[in-house]
Amino acid sequence: GDSVTQMEGPVTLSEEAFLTINCTYTATGYPSLFWYVQYPGEGLQLLLKATKADDKGSNKGFEATYRKETTSFHLEKGSVQVSDSAVYFCALREGGSEKLVFGKGTKLTVNP
Amino acid sequence: GAVVSQHPSWVICKSGTSVKIECRSLDFQATTMFWYRQFPKQSLMLMATSNEGSKATYEQGVEKDKFLINHASLTLSTLTVTSAHPEDSSFYICSASGLAGVGQYFGPGTRLTVL
Chain W
1 GDSVTQMEGP VTLSEEAFLT INCTYTATGY PSLFWYVQYP GEGLQLLLKA TKADDKGSNK
61 GFEATYRKET TSFHLEKGSV QVSDSAVYFC ALREGGSEKL VFGKGTKLTV NP
Chain R
1 GAVVSQHPSW VICKSGTSVK IECRSLDFQA TTMFWYRQFP KQSLMLMATS NEGSKATYEQ
61 GVEKDKFLIN HASLTLSTLT VTSAHPEDSS FYICSASGLA GVGQYFGPGT RLTVL
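Protein chains in written order, with my numbering: chain W, 1 to 112; chain R, 1 to 115.
A few of these clues could be false.
What the hints assert, rightly or not - Take a look, some chain R residues computed to stay more than 12 Å from chain W by CB distance:
id, residue
1, K20
2, T75
3, T82
4, S83
5, H85
6, E87
Claimed, not checked - Calculated lysine to any residue pairs in the SDA-like style (CA-CA distance at most 20 Å, straight line):
id, chain 1, residue 1, chain 2, residue 2
7, R, K66, R, V114
8, W, K104, R, F91
9, W, K104, W, V87
10, W, K107, R, V114
11, R, K20, R, S9
12, W, K107, R, P108
These aren't lab readings, by the way, just hints derived from the structure by calculation. Glycine included, every Cβ here is placed at the ideal spot set by N, Cα and C.
Starting from the given sequences, assemble the full structure and let the hints guide the process.
This is the structure in structure tokens:
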């Protein structure tokens with residue numbers, strides 16, 4: 001079945017550091033890919049998405065590129081802020097379905 | 001943006017009792033609602049999908065008689081954990097979607113602890 005693997009956390013960075021959270025997937029078809037963020041005490045929020053190969057999703061300084069050849073969708077940000085501290089989830093959705101398959105989540109802590 | 005609430009945010013109950021968790025879409029009509037379960041350091045696992053006015057579709061391995069889901073209106077779905085046991089202790093998260101293709105909006109989750 002479909003699955004998502006993302007790097008284990010927690011990840012601790014200093015403010016303005018570069019962030020990469022790796023995400024790879026296995027899927028039978030051509031899925032859409034997502035990054036969700038969960039701030040403390042809140043529900044998951046969609047951060048960015050990409051629906052086909054080579055698409056780049058971006059939002060709030062975060063970027064991720066849909067790489068079909070490496071089945072990856074790594075999340076990057078050039079300069080993190082304390083307010084970016086949260087848990088980040090990579091997910092996929094097969095075409096024609098509403099079901100989301102999630103990775104385990106990566107907790108990011110950014111220190112001032 | 002669309003807001004989804006859950007109530008209660010946390011609950012502690014004795015083994016053998018039943019617990020009801022509510023999921024509401026506050027500013028949109030949710031034709032479909034999803035219930036997830038999350039164990040510590042694990043991913044969200046989809047338990048069931050419910051469409052308003054019809055029976056829920058459960059994922060493989062999820063006991064439908066234990067986890068009762070009702071989606072009686074376009075803004076409310078409930079998950080009832082019947083005869084709860086300590087192994088049912090978990091974080092339960094709901095999400096809701098309206099028009100197809102818009103995506104899912106997630107609630108903040110409910111922490112269930114069964115003693």
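Verification of the supplied hints:
1. No beta-carbon of chain W is positioned within 12 Å of the beta-carbon of K20(R); the least distance is around 19 Å.
2. For T75(R), the requirement that its beta carbon stay farther than 12 Å from each beta carbon of chain W is met, with the minimum near 16 Å.
3. A cut-off of 12 Å between C-beta atoms confirms that T82(R) is not in contact with chain W; the least separation is 25 Å.
4. Residue placement check: S83(R) keeps its beta carbon more than 12 Å from all beta carbons of chain W (closest about 28 Å).
5. Residue placement check: H85(R) keeps its beta carbon more than 12 Å from all beta carbons of chain W (closest about 24 Å).
6. The Cβ of E87(R) sits about 20 Å from the closest Cβ of chain W, beyond the 12 Å cut-off, so the non-interface label holds.
7. The hinted pair formed by K66(R) and V114(R) meets the criterion: a straight-line CA distance of about 14 Å does not exceed 20 Å.
8. Note on K104(W) and F91(R): the hinted pairing holds, with a Cα-Cα distance of about 14 Å set against a maximum of 20 Å.
9. About 10 Å separates the Cα atoms of K104(W) and V87(W), which keeps this hinted pair within 20 Å; it holds.
10. Between K107(W) and V114(R) the CA atoms are separated by roughly 26 Å; this puts the pair beyond 20 Å, and the hint is violated.
11. Under the criterion of a C-alpha separation no larger than 20 Å, the hint pairing K20(R) with S9(R) is consistent with the structure, at around 12 Å.
12. Annotation: proposed proximity of K107(W) to P108(R) holds, straight-line Cα distance about 16 Å (limit 20 Å).
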